[in-house]
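One line per chain: the protein sequences are A and B, in this order. 1 is the number of the first residue of the first sequence in the working numbering; add one for each residue after it. 1001 is the number of the first residue of the second sequence in the working numbering; add one for each residue after it.
All the pointers check out, no bait thrown in.
Just a sample of chain B residues kept apart from chain A, beta carbon distances all over 10 Å, derived:
hint, residue
1, Val1155
2, Asn1213
3, Asp1214
Keeping only pairs whose Cα atoms sit at most 27 Å apart, straight-line, the calculated BS3-like set for lysine-lysine is:
hint, chain 1, residue 1, chain 2, residue 2
4, A, Lys256, B, Lys1371
5, B, Lys1324, A, Lys389
6, B, Lys1264, A, Lys389
7, A, Lys389, B, Lys1327
8, B, Lys1324, A, Lys263
9, B, Lys1324, A, Lys256
10, A, Lys182, A, Lys389
11, A, Lys274, B, Lys1371
12, B, Lys1258, A, Lys389
13, A, Lys96, A, Lys111
Residues from chain B that keep clear of chain A, each with C-beta distances beyond 10 Å, as calculated:
hint, residue
14, Ile1032
15, Trp1044
16, Gly1051
17, Thr1140
18, Lys1151
19, Met1201
20, Asn1221
21, Glu1267
22, Glu1345
Honestly, the hints are just simulated from the structure, not real lab data. A virtual CB, placed ideally from N, CA and C, is assigned to each residue, including glycine.
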Amino acid sequence: MDTAFAPEDIAFREEVCAFFDSAYDDDIDARLNNPDPAVFQPAIIEWQKRLFERGWIAPGWPKEYGGTGWDDTKAFIFETERASRGIRDVIPFGLKMVGPVIYTFGTDEQKERFLPPILNSDEWWCQGYSEPGAGSDLAALKTRAVRDGDEYVVTGAKIWTSYAQFADWIFCLVRTSTEGKKQAGISFLLIDMKSPGIKINPIVSIDAHHSLNEVEFNEVRVPVANRIGEENQGWTYAKALLAHERTAIAGVADSKRTLEMIKHYASQEVNGGKRLIDDALFQQRLSDIEIDLMALEFTDLRVLASVAAGGAPGAESSLLKIKGTEMQQAVQELLMEVAGYYQGVLPGGPEADVLGHEFGTRAFKSYMYGRAATIYGGSNEVQKNIIAKAVLGL
Amino acid sequence: MNFEFTEEQVMLRDSVARYVQDDYDWDTRVAIANSETGIDRAKWQTFAELGWLSIPFAEEYGGFGGDAVDVMVVMEELGKGLVLEPYLATVLLYGGLLQKGGNPEQQAAQIPPIIDGSTLGAFAYLERQSRYEIADVKTTATADGDNFVLKGEKVVVFNGANADQLIVSARTSGAQSDEQGISLFLIPADAAGVERVSYRMMDGQRVANVVLNDVTVPASNLVGTQDAGHELIAAVVQEANLALAAEAIGIMQQLNAKTLEYTKTREQFGVAIGSFQALQHRMVDTFMSFEQAKSLLYRAVCALTDDQEDEVQAIHALRVMVDKAGKHIFGEAIQLHGGMGITDELDIGHYAKRLMMINTTFGNRDYHQAKFNALRYN
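Work out the full structure: start from the sequences and follow the hints.
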């Protein structure tokens, strides 16, 4: 039993660090953390292009499709180094979601058409899964696609669609049959967002930002050639996608980074003539979280070690998702406490030097939008159902 | 990076697990707990024959030369059976002090009888006022020619009544709570002036208060360096904390498994109660608590065996987590067993009580969390 990484992995870590040191600077950091979408959106594309040029844009992809061909351990190291520097993750919809579905289940034509612009970030994707009437019960979705010659005619609505306002394409689960089980009549379509009949309705979220949308489809015509795999088999492809993400799902490195930020600010904030970090009650709250996180870090490593040894990651992903998101929310909450009154400052106000405080709006944004983490990607309650069935045999 | 046991460790684990399953069933355990001494010397002899008593000791004294992982493997399995025989008191505490601090003469004389099962030992470190602070020692040891004379009282001495040999902490200099000035002495339990009062704890353990009425021992019975006993105690307690956490992990695993099994068979409203989502989610929560505690155990044991800088922090964190996860898991185990959960007849409550005692041994959650906080944030 030991925790040392293999020498080749340690050498790899150095390579990763050297890249981040040279490619990531304060300028891109400031723009990536700017809440204004007009600044943020081009910045993330610019950053993703830098990763693409280095050949590291798609850690999970096989080499033949432009991925890195890394094993889980290397992917884990890369993710950990990225997060520990506070570098935000890539936009996942193309690179982590639809890309793997296309290279796994798509035709040669689809791979050729869609994979290159995902890799070089020339095309922006969004995800059309949830509907107003289908959340945790995703298979209850009603958006229907009716065959008309070489085309489907799609009518319905998708919701919680992140960054639909920037998207060139949307991947959708649509109903092509009402026969049999509800999972059986679903197909997986790639739809051009410029198609006539698509309407985007913005949704302002609890963090006072607009990243979410409702997307309406009113008789949108989609070539049958844009269907992934077989008709009515879309559920199978979507499920494969859900199992794809298996390392770094817990976001431990991100939470550790936030915890370090909390310690930094808590040693500067003064309360009643005493540094906040020296307050016994504050220390207790901090260590409650830190100890849980120390445990989660090793739970993560245990899963990684078992995957690296050829084990199949199963319901452990659900455990990592539940504990990981609980920890994320716990650190976000503590950061809000550190911010004091300034936690309530809305974004878009004066600069920090005028305001007298530098992290309040950031704490607010991460805390408020962070509420979504236990809801999206299969709510934590759904994850518990999965563990109850798959691990406990209930 | 790997979290697998070696082939040898797997064999050791299986050997203890098989023994607990075949020769330490619940009725046997109840009978031992209710016997006069609260332990079974014949079973202890079997432990010796199976080699378990030799694990942490150096090979030159007939030991196995094992490390913290080997001890963890044994303790986890002993925990599953709520084994009462004094492995912690004799092998890890009494034996640990001799292994880490004894001089070669003491080791050659005292370690082989531990390994062959003939000597039971105990470590007397607590006093009425000391609570969890090991440095709080009022018992005195006064030099008198080539002898030391010990005077005072030690309390809640694990295995204190059954022990043949005691190691006692006493003050040779300094003030009541000073770490400096504590010394350790080897005292035969039948030495003149040793008075023992035995009593039972809720987990079935026999402990004793030991009164020392001017007990005279030769200076050669000093274990480790005079006045520097605290350091030696700290090193032994550190490993004992890991061992106790491993025992607790074994107990938590049993509690979760027994509870899960029960909810699959117990029927109410015409169905197995395990079909209710309200109960399923609670069992998922206890499953996650167990996994988290186990992860910290692995973290701490790796930190200790690799001699990492933060090993002390990792062990304090582990003890905090064991307390938290333990209370969560035994609480749910009792609740999900319904009325049966609060009976003495069912084993669930006994697992709970052992976890509760573990969580007082060498400090409770608040104690360890305060130490963790001081190391990490001050």
